[in-house]
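Peer 1: In case you want the letters, here they are:
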Amino acid sequence: MNMRRLWAIVMKELRQLARDRITLAMIVGIPVLLLALFGYAINLNLRGLHAGIADQAQTAGSRALVMDMLATGVIEPGMQAPTPAPLMTALKRGRISVAIVIPPDFERRRIDGRAVAQVVVDGSDSTVRAAALQLLQVPIDSAASDTRAPPRSTPVEGRIRLLSLYNPERRSAVNIVPGLVGVILTMTMVLFTAVAVVRERERGNMELLIATPLSRSELMVGKVLPYVVIGLLQTTLILALGVGVFRVPVRGSLWEVYAAAALLIVANLAMGLLISTRAKSQFQAMQMTFFVFLPSILLSGFMFPFAGMPRAAQWLAEVLPLTHFLRLIRGVMLRGAGLWAMWPDVLALLAFALVMMTLAITRFRKRLD
Amino acid sequence: MNESATPAIRVRGLTRRFGELVAVDHVDLEVPARQVYGFLGPNGSGKSTTIRMLCGLLMPSEGEIEVLGLRIPAQAEALRRQIGYMTQTFSLFTDLSVRENLAFMAAVQGVPQRQTRSRIDALLEQYHLADMQRQLAGTLSGGQRQRLALAAAVVHEPKLLFLDEPTSAVDPQSRRDFWEALFTLADAGTTLLVSTHYMDEAERCHRLAILDRGRLVADDTPAALAGALAGRTFQVNTQHPRALQPTLAQWPGVLSVAQIGASLRVLMAADADAAEDICTRMRDALRSSDAKVSVSAVTPSLEDVFVAATREPGAVEATSS
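As you go down the protein sequences, you meet chains L and D in turn.
Under my numbering, read the first sequence as residues 1 to 369, first letter to last.
Under my numbering, read the second sequence as residues 1 to 321, first letter to last.
Chain D extracted, bound-state conformation (with noise of 0.2 Å):
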């Protein structure tokens, strides 16, 4: 547990630009060891090229990084003993077998000549592609791929696994039994950093960091990120949604609304005023466009949080420690 204590990577003012553009702007980061951390954020939001600095892929225009203890890109080669990386697009070989892809990463990864073989047939056996080691990985599923990729990214036994986007091309079951695999890394001592953008796998993670426009806007536990912002959402049931929901847009302190089903979901401003208040205010002022309006606070979900931190910079930061 001792080894917990030391983050597995330590970042400080991690800038990329790209010409003109900032990929990633100062960004300080702490990824405990151990734990499943998630990068969340839309398309475009700096994850990939954070993660390919991280890997020593990219080279930062600024800042520091640690990770595992080395210091990158002086000492990159260093690292890609100990990592894994699982890249967004399949990046295995389409025209080997799923054994001989597997064989190839653990040639090069240096597993041990003589444990190769029982390491691919536990691989094969875990992530269910025993049946079919012997057809062509270009021949897979997107799930089947997925497995593959994971497979031959912790061929050597990682102590850091870097997964960009893994579930971006899944179906949702495959989905659920991929962040099973992951979380049995974790339990194994393997540290795990998975950038997303769907909400139910942030939710997942034992802490999170949501990245927009290359800026770290929020750093913490899901469920104290959801927490602050306690008192700011709320749901309007009405029988109007679309016609209400401009309406409710243009209200002072109103940082979002989003239709869902038959009812309208509404962020709330961090200055805004106590829960019940709002309740009122804002039944009231409907009324006029629907009589059988009801308004009442709901819990905060990730995607409250995704929202408020995208929209408003700092807030959820400034509230969490």
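For reference, chain L alone in the conformation it holds in the complex (with noise of 0.2 Å):
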């Protein structure tokens, strides 16, 4: 490989990159996008859901529970009933989002020390399940003026059950962001080189370019070194938001979180350049991302959890870079995993670049038939 040629592509690409305004604004704009998207996800300080209440008990300790629960400003009192049964039909309507149900038996339950109540969510809708979790914390014994009380240092958790409905895993807020990195890098990167050798075939330029003393490994590698770039400053951006405004904690080290990203960026490049070689047009390029990138975003454990998947599914996500760098990001960034621990999914990262950009290399062929 001669150093001059590879730099003299990767100018090139800098310098139309540079003066292309619409890829310039999907660099910066999807991260921000997705993030504002996501984002609401991670806000836990909704208010106002509309709430049904089956107060059975009609005690005055049931009462003060719910006068507490709605002093919370989570909720709004949307519908009273005498049973359940009316509220699970709301809720399955979207009349209401939360559903308060208090047992006939709430008084025997508090002095035993039951669960006292039942919180029930749609969980369809991952907002309502986190912002729902707030109404858990609402004290039991304080609440009931009952002189009778049980002592304090009886656990408040556990006493107000939640249940929540069509969603039964409990994703947690801040398992998005570092997700969301995993999932843009997949999303931009991907699709930049994807479109890149495709572009230039499209324009002529690859008819000059093969005609020239340029070795395929020069162009290949020209083209994905600027990107690596490109990468690094996205999740700069997306880190530094997720810290600044989701307060995502970063708990392992930050050299080890660009790591990984890098490692995810080459895999996903050399992806997109292996699709680049066999796309024949620009808009088939972006189809075959497509392929790519909706099961990377469904089976990789970024919208369910993985462990919950077919067998099937599981082995598919393996082959996906995505679902390795889930596992290292969300490993390093909130457990603060080494990723030497993680060894395995460092190792199918790296494995999984090399096998593209030898492919994407090797199907490059410099002529025109």
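Honestly, the hints are just simulated from the structure, not real lab data.
Hints should not be assumed to be uniformly reliable.
Unchecked claim - Where chain L lies over chain D, by a calculated footprint (3+ residues, C-beta under 8 Å): (1) 54-61; (2) 78-86; (3) 89-102; (4) 106-115.
As the list claims (entries may be wrong) - Computed from the model, here is a short list of chain L residues facing chain D with C-beta under 8 Å: (5) R15; (6) P103; (7) D105; (8) Q287.
Since we're looking at a predicted model, the values are computed, not measured.
Glycine is no exception: its CB is placed at the ideal position from the N, C-alpha and C atoms.
Make one complex out of these two single chains by using the hints.
Peer 2: Right under this line is the structure:
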């Protein structure tokens, strides 16, 4: 590989990129947009959810509990019902988002220290579930005017049961931002290189380039390098917004976060290049990108928990770089784990990048036929 | 001068098929060094396909290619350092400036780093691009783009330059200037292979190959090609050229009748009689339609060569050595 020729390609790509306003807008716009969109999911201060209340006990204590829940501001009364059944129907129809059910034996349960109430939420909306969590913090014993209350030492935790309908998984809000780094890098990086080679073929540049002494690897590596820089810039942007605005912790080493991101970036860029060598038009390249993007989003564990997926889906997910990256980034950012502790995923990403790059280079022909 | 003795390009039985279509059909060629060699032919005659095979960009289906002593496509990589290739459509980067494009090509073609600056300055001067060196290539006019493409193709001073219809999108004045530049390059020792469908451009080449539907139908100097048609071209002056045209086209031995202004240009087949006899007979036959008709023998042009070569394959080749 001739360094001067490689550098010429890199500089050319960067110059073209700097003059391509739509691509530039995409580099900054997609992370900001996605973060803002998913940011709603992270926002815990949701207020004024419509709530249905079925107070079957109708004691002073139960009424006080309901008042305390309303006082949090998270919910506002939407409907009253004598039994839980109509509330379930209303919940299903989307007329209310939260149902509070207090059983007839509320006082008994309170004295026994058992669960005294059930908060049923529409789990299909993760924002609602997250907000409803606050309701569980309402102190039961101080809320009751009953002086026979058990001692304060009784744990509040678990006394109000949360039942999340339609979404049994408990996705933590902070899980989203680290995952989002991966999703954004998958979305943008694959597309950039997928289009890069095809565009030059469409514009006729490729016929000129392949008639020069440029080697295949110079061409391919030269196309990847500028976007590695772009990808790391995107990572920085997402991290800054995630930490600054959404208070996502970075418990592990920041360098390892970047190392993981760099691995994913190279893997995705190489995959994009491979697409580029197969696609006949920019539109086709975009369509092929979608075939990678959709399973990545759905199967990687970003949307649905990996463990709950069928075997076949898990096997497929193991082939996607995003799956491995999610494990790495969640480990480093949220659990403070070291990258090397998760070496199988590091290795998987490295292998993926290497295989894709080799395939892209060997598939690329310096010929027109 | 020893160098000109060995041909720059030697091709035997070159064939390229795209499925059923035979784009290039058993072409034999010899392109002498340090000359401007023309490929003349209509669209789809196989000019671009041939050039691409000579550069090693397309695999030949059959045949042998030797360019600058290298066997193609086996040694195509070694060849790429020594050739320049100007593609049919503008293939430089429209979103890079004139200077950036040249600098990119210089780096890619391995122009020594220390010489790059002066080389680019010289090219900008030579091809009248100095004033617009900071301008994006996409904003240049057709003629300016052509000059930039040529400058980029010769940035590394190649021994052999391929130009695929270089002037198809350029005004006549720019075309003249462009050809002057080509001859300057040939004088400096470059071999040039230029494809075109313009007769006036073909006329300027040192030597010319005429391609028709993938076959080589003529190959000689323009003068020799035209000379081979002596005694076969006639001009008919008449007041009713459009009325006489179909009549003449029916005449035995007539290859083509083309209207040029108020007159008709007639090309006869190779086995025709002496020119004077044809003149007399033609005049007598046309008198009934136009009393004032006159017929005279004229010097054959390259267009006549082209028509003869494409309508009557082998005719021109047979008469030239």
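Peer 1: Look at each hint and say if it fits the structure.
Peer 2: Here is what the structure says about each hint:
no.: 1; hint: 54-61; verdict: holds (count 5)
no.: 2; hint: 78-86; verdict: holds (count 4)
no.: 3; hint: 89-102; verdict: holds (count 9)
no.: 4; hint: 106-115; verdict: holds (count 5)
no.: 5; hint: R15; verdict: 6 Å, holds
no.: 6; hint: P103; verdict: 70 Å, violated
no.: 7; hint: D105; verdict: 75 Å, violated
no.: 8; hint: Q287; verdict: 25 Å, violated
Hints 6, 7, 8, counting from the list given before, are not met by this structure.
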